[in-house]
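*Asks:* Listed here are the chains, written in short residue letters.
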Amino acid sequence: MLMKSPFAKFRNSDEALETALRDYTPESEFPPELHHSIMRAVKAANREGTQISGSTRFQAFVNAYWLPATGFAGLVLLGVLISIHSRPIATSQNPQPLAEISNAFARGQELMDSLPSVTVGPLSDELVKMNRDLDRTAEFLIATLP
Amino acid sequence: MISDLRSPSDEALARQTQAGSMEAFEELVLRYEQRIYVFVNQRCSNGMDAAEITQETFVKAYQAISQFDPTRTFAPWLFTIARRKCVDHFRATPPASNEAAPELSDSNDPSELLARQDERRHLWSLARRILPAAQFDALWLHYIEDMNLSEIARVLRRPETYIKVLLFRARKALAERLKPARANAKLSPQTISHAYEIPVR
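Going down the list, the protein sequences come from chains A and B. Using numbering that gives the first Met the number 0, the first residue of the first sequence is number 0, and each one after it goes up by one. Using numbering that gives the first Met the number 0, the first residue of the second sequence is number 0, and each one after it goes up by one.
Hints in this document: simulated from the structure, not taken from any laboratory. Any given hint might turn out to be false.
Residues from chain B that face chain A, not an exhaustive set, calculated with beta carbons under 7 Å [to be verified]:
#: 1; residue: 28
#: 2; residue: 50
#: 3; residue: 58
#: 4; residue: 123
Where is the CB? At the ideal position from N, CA and C, for every residue including glycine.
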């Protein structure tokens with residue numbers, strides 16, 4: 000039995016194939032509700048677009064990739080500036096550190112005087128030298144202060 | 000689809016949409032929704048996916064209408080969006096292997112077999128199954144949408160010479176695939192079934 004194939008028409012030549020491709024449009028059943036669904040979605044997108052356009056611009060600005068880096072650099076710079084400006088003020092106007100240094104030296108001297116001679120005896124020479132060094136250091140520090 | 004000469008062109012409607020006319024955009028939707036749906040449906044395993052992608056295509060087109068250049072043709076621009084939506088969709092959810100392709104009957108009755116076969120669907124479903132996506136798209140846009148090389152190149156974002164090669168290869172592959180059955184003047188029902196069993200790439 001000679002079979003007639005569905006493709007028999009356009010097997011003979013390329014032109015026939017082209018004709019078949021052009022003429023035979025696949026048919027798909029278009030969903031009847033799809034048009035309304037599309038238009039609803041488009042209108043919803045339109046409403047959302049108009050409502051959020053202002054906030055979107057701000058969000059885009061905030062989300063800019065350079066903003067965090069710039070902010071961090073600004074904070075670091077601000078910290079450095081504050082520390083630079085606050086340092087001379089602290090040294091010139093606040094005498095507290097100087098008093099603490101002299102107190103520390105005085106306490107060292109008192110400690111040495113209060114220890115029993117048996118304990119201090121073997122190391123007395125060294126302690127005397129250390130005490131002298133401390134005194135000189137204190138004199139130097141006092142001399143360097145404005 | 001040939002529009003009435005008195006009705007505004009697609010590009011004029013796009014221009015009106017850019018100016019804020021929702022009615023103009025709805026007219027564009029009416030003109031293109033079926034064409035986009037059929038195009039998308041060729042790639043989808045079910046109608047729901049096709050409907051979803053079609054809807055997304057028009058929403059995206061509306062949102063991006065300001066970027067459309069009205070001095071150029073509207074159809075390639077819209078099909079570009081549809082094609083991208085298909086790619087995005089299947090990147091997120093890959094399609095089932097070949098569920099969409101019509102399976103051919105194993106019936107031993109040739110007349111029954113042929114009666115069930117829709118020639119139109121078979122030719123394009125054959126094309127869809129054996130051709131790579133780009134070749135199929137080029138073939139579809141050329142023969143169904145009647146786009147020229149320049150317009151297809153816009154949709155596929157390739158040079159025109161590349162589109163020529165795509166079309167040539169697609170036609171050649173299709174013709175080659177149809178050849179084996181040609182040699183057999185007498186075909187048994189089993190042979191027909193085997194001839195139509197097209198391997199999936």
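*Asks:* Checking against the hints above, which ones are violated?
*Replies:* none
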